[in-house]
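Visitor: What follows is the residue order along each chain.
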Amino acid sequence: MSPVFRIAREEWRLMWRDRVAASGLVLLVLLAGVAAFTAWDQRQASAAERTRHQAQVDHEFDTQPDRHPHRMVHYGHFVFRAPGPLAAFDPGVDAFTGHTLFLEGHRQNSANFGDVRQSSLLLRFGQLTPAFVLQVLAPLLLVFVGHAAVAREREAGTLRVLLAQGVKPARLVAGKALALGGVAGVVLLPALAALAAIGVSTPGQGGPAAVLALGYAAWLAIWVAGIVGVSAWLARGRDALLLLLAAWTACVVVVPRLAPEVAAARTALPTRFETDIAIARDLAAIGDSHNPDDPYFAGFRQQVLARYGVARIEDLPVNYKGLVGMEGERLTSELFARYAAEGFERQAAQLAWVDRFAWLSPMVALRRLSMAAAGSDLVQYRRFVEQAERHRYALVQNLNRLQAEQLTLRGDKSSRDNRISATHWHGAADFHLEPEATGDTLRRAAPAAGALALWLLGLSLATVPATRRLGREAR
Amino acid sequence: MNTMIHEARLLWRQPVPVVALLVLLLLSTLAVVVGQREVAAQRDTIARLAVLQQQDLDAQARKHLKRGDAGTVAYYTFHGTEDTPSPTAFLALGLRDASPYVMRVRALALQAQLHEGETFNPELVLAGRFDFAFVLVYLAPLFVIALLHDLVSSERRAGRLALLAALPGGGRRLWLRRAALRTALAFTALVLPAMVALGHGGASLAAMVVVVGATAAYVLFWAGVSLVVAARAGGSAAHATTLMGTWAVLTLLLPTLASAVLSRAVPVHQGVDLMLAQRQAVHGAWDLPPDDTMARFFLGHPEWRDTAPLPSGFHWKWYFAFQQLGDEHVADQVAAYRAALQSRQRWTDRLGWLLPGVGVQAALHRQAGTDLGAQLAYQDAVAAFHTRLRTFFYPYLFRDVAFGAKDFAAQPRFEAPTGAPGVPVSQVIGLVFAGLLATVAGTRAAGRVRVKEGGRS
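First to last, the protein sequences are chains A and B.
Sequence positions in the first sequence follow the working numbering and run 1 to 475.
Sequence positions in the second sequence follow the working numbering and run 1 to 457.
I should point out that these hints are in silico values taken from the structure, not numbers from a laboratory.
Yeah, the Cβ is synthetic: ideal placement off N, Cα and C, and Gly gets one too.
Be careful, since some hints might not be right.
[To be verified] Facing chain A, a subset of chain B residues (Cβ under 8 Å, in silico):
(1) R104
(2) L142
(3) V209
(4) A233
(5) G234
(6) A237
(7) M244
(8) L252
(9) A258
(10) V272
(11) L354
(12) V358
(13) H365
[Said to hold, decoys possible] Which chain B residues stay away from chain A? Per the calculated CB distances, all over 10 Å, these:
(14) N2
(15) G201
(16) A238
(17) T242
(18) A331
(19) V334
Excised from the complex, chain A in its bound form (with noise of 0.2 Å):
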């Protein structure tokens, strides 16, 4: 048997006979356990209930009578956001988003019924997923039982009789990094197991779910080095503890709330009050399309009557009012998407100053890299919403065509008497989110790895120069 395992199997012992730590560990494992049974649970009642919603909206839509198409454009669908497989593992920004939408006619709304406007603050303490366990619970349980590792024996005075023994100093701390390894192991146990099953059963998300596995690794693999370089480092276990307890706080709680402060203070975002009226004022500069006289639409009318040939807007063979509808709709929707890609933009320049506090805290990173694999960032709930107004766009243009080709413009005089058949509205509505490419998520979340694997590298050469150290000790 190596030396390296032999030092580990003794370590393993003596944290099995210390009941704190061998009763801390089981607690944790159960709880992850406990944590990856609700999220999943959490996240199938979700999913469960948006898409029973949507077959009701769905089914609403597809039933409504014979109607005049504008009433239609103004009736509106609903679409509903629902968690992707992996947000049961990190449901990311997924409570603190809105995820019903409402699609209508000249308007674009916000996703609302997020749960953080529907919880108390209780919510703001955290969820209970296996992504909370192993990002804040779990490194703490490993200082708790690894701070003292080298320390505990350069105390007790058995360091030098091992070195003593022939004991090289790298081997010993070796074999106290494979144990706290070992218990880091155990506790990422039930989470490995959680995403298998999804890795598995889910096409599609075998290879973001390694990626959270390895990503998680790596996290507790950093805190195993750290501890046990500061183990070798300190001449006490007490000291060591402080110290590490200190970096697990600035690191997990405190560098992960200072960096959106930063974030949001350097580049603001405007309220949905300022931007409405941007958006009105942008329009109205445009033209009016209530306005007979007003240049713009004029100008659209002299345009249309050209390109069909004829001199008046009676003579057109189709509706003119479904015309004006359609390019009225195009100028709104052309500022919403300018200004709701602005909006994004700015929340990505805050999120890519957030990222560079990776480098003081790879806690950072970690979450960047989680929600990114787990599918519940903001990229993708921008992804939700572009993809939402896109639909919205699409089918109210299909209503305002139905408009100009179903209607003529002496038939088109009251929204409430002139109808269409209803069989134009059956499977108009439904909306697919179409999934992210899996190489695109995987991308986003590299730099996110990259980082972690710098931080990994970084505190493994650390315990260089602290097992050098060790060595001297036994001179």
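Starting from the known structure of chain A, fit chain B onto it as the hints suggest.
Guide: Just chain B, lined up with the frame of chain A:
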């Protein structure tokens, strides 16, 4: 007093406590500055939007007054509302980062407008704010633990324990004196920046009392717990582990568990359901005989019964009548939704009696007016304003009164409800109770410190 000065001098020579206190003062100051910046930014936004809104109103007036009918104005004109931050909001920013503090409404169906969200970066909100409430709930206990966990064990290590116990004024009184000094210094470092800011910000005395009381009780709770552990046998490392573990369970683990249970036990799907039902009711009106709609409207609003019958074409009063009927159709669901939200808040408040971290969070956010209850109160204020809007427009619509520039100027304006946010009496009592309980336990434990015992640190 002399002994206290002596103890302070002793403390000043130890690097760890001094650095810890300075760092705590720094973090607390930072949190206060961050909170004040945010609140100042929100106030600026509200002031800026008031100007923008007035310009928008003027533009609307130019555009829609030409037709001289109230219906067009009521349909197109948005009115601004705002939820001004309270003088203590900077201490606990709460839900103000995720729910709107400014929103526009018009006289159409309210329920389609009231639940509209704000633009915010969900990843930043997920991370949470670095405000005073955060420093108090999470970080303050860690500093108290850092200051107190080796109160006894450090003396034992140094071999002074027997001597200290034998001295006059040694034993329990010595430990209590030292613990009190460190706790008081931690409390001062924590609360001083907040007090300075509150003094400048014109907060009421009641608010200050709540902040100081809740902070003191929470710090006392952790000081008591730390003293109970520190007075036991065993070394510094074991005590730090026990205390940190207790902290992790009380402020990280149990609140998240409770949150998971609460979201399961009190579902809030009524929000989405009421939106869907309201849309069906409002848009279904286009397919019903208008006179039937008016008859249903008159049932609830007999004051308009004797007005002119509907003309054959479109009339705004029919339009606004079915908008209001849409709201009334879902009134029960709205009430159920609100009740569910309030129930979640109530259970959180109750949990605060068991978990001081949750209790102090609830207390701070209640007095700051930034919790779920405050958000509902803002929605109520918007709803009340919306009722005023309807009441203002209906006489023009139902009696076919021409609408001119003077009428446009007379439209109601949103006025924020006066009155400070509620005082979280029960939370503060719960906290004080927990603080006293822990202090008593700590005091008793301090009298049972054993001089002789084995165990390494």
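Visitor: Quick one: which hint numbers does this structure break? Sort them smallest to largest.
Guide: 3, 4, 5, 11, 16 and 17
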